[in-house]
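Asks: Here is what each chain is made of, one letter per residue.
2 protein chains.
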Amino acid sequence: MTKARTSRRRKSAPPQIEPRAPFILRKLSSFNVLSDAGLEQIEANADTILAQTGMEFQDDPEILQIFADAGCDVDGTRVRFAPGFCRKTITATAPSRFTQHARNPANNVQLGGDSTVLCPAWGPPFVHDLDRGRRYASYQDFTDLVKLHHTLPWLHHSGGVVCEPVDLPANKRHLDMLYTHIRHSDRAFMGAFIGAERAGHAIDMARIVFGEAFVAENPVLYCVSNTNAPLVMDSHMSGALKTYARAGQPVACTPWVLTGAMSPATVAGTLAQVLAETMAAMTLTQLVNPGAPCLMGSFASTMSMKSGAPTFGTPEAGLMVLAAGQLARRLGVPLHTVGTLSASKLPDAQSQQEAAWGLMMSMFAGANLINHATGWLEGGLVTSFEKTIVDHDLCGKIGRFFDGIDMSENAQAMDAIATTGPGQHFLGSEHTQANFMSALFRPWTPDDNSFEQWHAAGEKDAAQRANGIWKEQLAAYKDPGLDPEIDAALQDYIAARKAEKPDQDYF
Amino acid sequence: MTKARTSRRRKSAPPQIEPRAPFILRKLSSFNVLSDAGLEQIEANADTILAQTGMEFQDDPEILQIFADAGCDVDGTRVRFAPGFCRKTITATAPSRFTQHARNPANNVQLGGDSTVLCPAWGPPFVHDLDRGRRYASYQDFTDLVKLHHTLPWLHHSGGVVCEPVDLPANKRHLDMLYTHIRHSDRAFMGAFIGAERAGHAIDMARIVFGEAFVAENPVLYCVSNTNAPLVMDSHMSGALKTYARAGQPVACTPWVLTGAMSPATVAGTLAQVLAETMAAMTLTQLVNPGAPCLMGSFASTMSMKSGAPTFGTPEAGLMVLAAGQLARRLGVPLHTVGTLSASKLPDAQSQQEAAWGLMMSMFAGANLINHATGWLEGGLVTSFEKTIVDHDLCGKIGRFFDGIDMSENAQAMDAIATTGPGQHFLGSEHTQANFMSALFRPWTPDDNSFEQWHAAGEKDAAQRANGIWKEQLAAYKDPGLDPEIDAALQDYIAARKAEKPDQDYF
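In order, the protein sequences belong to chains A and B. Residue 1 is where the first sequence starts when you use our numbering, and the numbers rise one by one after that. Residue 1 is where the second sequence starts when you use our numbering, and the numbers rise one by one after that.
Don't read these hints as lab results, they were simulated from the structure. Take these hints with a grain of salt, some might be off.
Where chains are identical, the list cannot tell them apart; a pair therefore holds if satisfied intra-copy or between any two copies.
Simulated pairs of lysine-lysine, BS3-like, Cα-Cα distance not exceeding 25 Å [unchecked claim]: (1) Lys498 to Lys172; (2) Lys498 to Lys88; (3) Lys172 to Lys501; (4) Lys306 to Lys147; (5) Lys478 to Lys147.
These numbers come from a predicted model, not from an experiment.
Next comes chain A alone, as it looks inside the complex (with noise of 0.2 Å):
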């Protein structure tokens, strides 16, 4: 049966049908889900929130002097800033739209606007397949992730840390991931996140492969900074946030936060806090370059009140995502935010209740970049290999849904009724056969077929066939190839970068 399966779904699978789109452009409009006097209440307490309690920039006096130098109040590691100077800051300079450009053209993103670009899992210390179970994630899962996140064509940007390879030093692997990112894939990807200098390693291996000229006009890279909610901002994340910005490369400006928990238990007390926090590092940004590209991050999600453990695909973390939404396009930057986030354990019936909430919300706020669109399980502790495939099918699902409906004559099929006629069928019809390979899309994982076609193919589960569907897709893998000179000149960097200091199991 396999050789059945991979055959049909081969045949199904939309490369063949139309060129991949590099990014999803949306034709359909947001949701909105606060009035404007909603919006502007939410403003108003976050300016009140940044003015009166303000923020903690912790171990980074330089940051502290620029907050100063543009007139911030600055007590000790803690800022305040007027009211509205930050939205002020942010709306003089930051651009809303910009993109990021991938070493092969046709692969670079546009972010901003109606523009939606969709990236895999970022972060899991672990894995999971339905082979191997789960296990700490390896170097050798990083790279089949990203080889595997490549061949699919309805993902849009390699991303960043798909796993965590636990079986490299800590203080060395983000070099790995990067080269891994650039050798295995020409896609856009994002840089090393933590602290000032893999910060920088990611910049100039990034010159290595645009040229130095090209790095500094244009943005390569991407950055997540997440401030450390409620209302504080460390080192690490502020020397990454500093280091990309003075580059001109883009830094989604994201606090993470489970309601109840890092900020209140409320929706609107919790918006309120996600805007002061992400004002406050564009501000940032902004201050340090002015112009430098810069994203409203919103990673809020729930806990469950018993247990303190964080819930997702919840009402709560979509009401909180469209309205970031709608915030974003007040303040005229791009939204950044996250898919198909978990709390399962395996890729079941919960994870794709909560994957398609999560993901279709964030789609329907008119996110910009959508990280976690793909693979994430157990609250982002492990990356599935099959949770991939399903998920990557909903990827699919929601950029051919947001092309909207198609109203040309020969969409409108005003002859294909009249000639058929009641009673009859459409199934021959001449323009059936005329639309048929591209009117419908076709995801990859589902079984339409007959209970009894399916027994027959032995009562494989939606993650058995994804099971069988990486791996055909993880031998298909084709590699998109690496001008020797550079590659040498990769990995010579790299080498050199590893011996300047001993391998450390930590950061």
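Once you've looked at the hints, dock chain B against the given chain A.
Replies: This is chain B only, laid out in the frame that chain A set:
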């Protein structure tokens, strides 16, 4: 562990926290996928279809006479409608909203406006649960499902053929099904859909329950009348439609189409055909009894262009239901549509990706009644006990989502943010303590615990947990009681109808 689960779930079940809402009152807007120009084009195309191709009404001469008397062009069994005639007839008298009464008035449902009523699966001849597998449905299953649904707070309606009790004679089982809804639930329920005689039985039984005078003035039943796409209505459906409409009982006029088979392979073509069919059927309800409640129904999904199998949770199905919502609002009638459809054979990742897609799209469409909001598998051949529970979580989530964002002073939580301050947590804050029971929605099935806790609890997937939950719910079912005189009268009525003719195993 079962005991632990039970206790956890019972504590988190919302009936202990807040009264059950009899239906969802949406505080958020609907999502539009077509411009006014696009909608006008679809409407013009529907008018063209009705005027030029027309619709077949088979084996029901009375209907042909009704249309002829109204000035329509009747040619054999083909009826053609002047452009604008159907819209004018519907908008002149069809109510934009109405109440369907339940025998417990607390369970009355509003149909129209901003309300949404969620109903269980309808029609499956098979049932599935993890203990007994897939099997033909029995009357015992039917009864168990009615009781189970009655315990579910986020469902609003007892439904109709929650499964086909195939161990009962096909020509009499509608009597048993109606009795079971009335006896074991005090929520609103649906009538029998097939043929005038059975529709009459449903109305007779409703009169026994509610009283003849009340039924004459108030909707107490609900009929789904499917067209046979393309552009045919047979006498089974028209007979029931006429009977309910004459009794002032609501009819959801619902074309059921798979694009490419029963309509063109394109969204725009399918929409025009669906609108034509539903308008012709709604027109019939208004000619039979002006002012009788009717709903625009839309059940448009897709098919595999390779195998011809029905497919669900697709981008095109989403676009069609959202456009149908816009078309219904322009007609000024409530929208009836469908929910958690899936072609999957199991309550697995496929089933929930498709289910979440379908229910969320119908909610964003502003649907007023969503049939099949729980339990549907295998393209409607199966009601799954476990999927009922998993889908029910989604029903609760989407209901809470459409409550929108609480902007009260308490929810803004400005004091909590000010007093907690940077780097502290909100877990023990006064605000969190005051809000934690109600602030965040809690579904029943998800496992949000750590891997280690989940492992210790037996590594159950969502379906396995749902298996425990439906059994606990069924065990906890509370008989709502029924006036013994009404019960006896119903039983007498049923016995008399059954005695009138021999059993038949076919319709």
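Asks: Does each hint fit the structure? Answer for all of them.
Replies: For each hint, the structure was consulted:
1. Lys498 to Lys172: within (7 Å within a copy, 80 Å between copies)
2. Lys498 to Lys88: For Lys498 and Lys88, the Cα distance exceeds 25 Å both inside one copy (43 Å) and across copies (78 Å).
3. Lys172 to Lys501: The answer is within: 9 Å in one copy meets 25 Å, while 83 Å across copies does not.
4. Lys306 to Lys147: This pair counts as neither: shortest intra-copy Cα distance 40 Å, inter-copy 29 Å.
5. Lys478 to Lys147: within (8 Å within a copy, 55 Å between copies)
In this structure, the earlier hints numbered 2, 4 are contradicted, and the remaining ones agree with it.
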